[in-house]
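Work the whole structure out from these sequences, hints included.
Heads up: the protein sequence lines correspond to chains B and X, in order. Heads up: the first sequence is residues 1 to 385, going by the numbering used here. Heads up: the second sequence is residues 1 to 125, going by the numbering used here.
Take the hints with a grain of salt, since some may be wrong.
In silico BS3-like pairs for lysine-lysine, Cα to Cα no more than 25 Å straight-line [to be verified]:
(1) K45/X - K314/B
(2) K314/B - K81/X
(3) K81/X - K371/B
Hints listed in this document are in silico derivations from the structure and should not be mistaken for laboratory results.
As a plain string of letters, each chain reads:
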Amino acid sequence: VSEAAQKTTPLYQEHVRRGAKIIPFGGWLMPVQYTSIVEEHQAVRNNVGIFDISHMGQFIIEGASAGAWLNTMLTNNIDKLDVGTGQYTFLLNQTGGIIDDLIVYRIGDQQFLLVVNAARVEEDFAWLDRDLRLCKQGRSPDRPSGLETAAPCNVDLKNRSANFGGVAIQGPKVVDLFHTLLGNDVDLPARNHIVDLEPGGMRLAMARTGYTGEDGVEVFFRAEDAAKLWNLVLEKGNQFGIKPCGLGARDTLRLEMCYPLNGSDLSPEHNPIEAGLGFFVDLNKPNFTGRDVLQRAKENGPAQKLVPFRMEGKGPPPRPHYSVFRNGERIGEVTSGTLSPSLNYGIGMAYLSAPHTKIGTKIEIEIRGQKFPATIEKKPLYKKS
Amino acid sequence: MNVPDDLLYTESHEWLKREGENVRVGVTDHAQAELTDVVYVELPKMDREANAREAIAVVESVKAASDIYAPVKGKVVDVNKALESNPALINSDPFGQGWIFVLKIGNADDLKQLKDAAAYRKQIG
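And the structure:
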């Protein structure tokens, strides 16, 4: 893909102005770092950092049967959501493979906001839109089995990705920063809650969510307010040691927590049970796309499992696609890897054949023809001391 | 970006310092800035022979692994063991303590293929 074909976020000029190193990511030109991945990582672990997440997609789904229909499309249970709360969930294909992982917020009784991965916006929308069209045409035989009578489709689906910008503000000092920005009498939303705020004429939807393992918020706003908010947060955050952060630190922070990255750890070749994320699948729901496959995977146990590991001793950091061995036998492949800035050793995640996935198992990672020792660990790899 | 006048340079961002029959090799200030935080260096084996433009070392940042090439044909006669415990020397002192290996070269004429500081400055713009 040439740079000319890449999209830019409403904050692109701010990144360039502040000297960020820009890379293509999921069809977007995004900052990978401003000064140093390690410094930005530490700013989030110790103080606070701000990330541009405007590349992520936003869908609005509303209508009399919006909740019932979404419950057939997504793995987690929409009925557990009160207005103003959100949940992590999966969009699956008919074989249970992961199309996308996303957060769904109930923002009205029958109105929902879906925040989806940048590289999956078109695919997710097409998948949802196709099912909705089939449903409206009454062509139930084309829909996944079990859905014939499952959900009426008085539903309106809109892709609002182009209208919204977004930032994630993450780190232990986020509460202090929030009160400096909005006043001491304004409360932050509770974990996984979303609220509307209107400071200084801006309209913000603020959720207490994140992808770093630290306390934090993700904020969505009209694209035209993006630069104003970005610069305001950086100015007010200065006293708290805030740093603008790029995708590099976002990746090392999430990997220390073992949060999966779509396209690396999650893909249509793997289901949520294999990814160790069955907690976000409600098999008590009678119908949702991929349910039968997941039920079987849960009953029989998955053939492969996604597990975190750490490198032992001094060695090169693990990288995606490196082979994993145990007693000379190839048992799987690394999907994510890096040197952990918090722990100062190599960490990663790998899909391994299930009999070899017990915590504490000694494995070997093949790097440039040489095998290096590693150990399967518990999630998360990094725990705040 | 710092580009010392007394060194030679390659298209692939290595620098060379002539030391009699040997050349000391590292990566340039421009390269270390592009690589970002260096977290691991795989040094070449002592006494190995290498052809010009053959990958003989690896420098890894948080994000990615990058090959380092022998700028000319030669034999590895010294490696910078300090990088094994402190790989960030490549970031903090790329032309000094961040050197990577020393090659004994067979033919000094090979050095004529390399860039001088002015040509390298032009390459990195």
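Exercise. What are the numbers of the hints that this structure violates, sorted from low to high?
Worked result: Hints that this structure does not satisfy do not exist here, as all of them hold.
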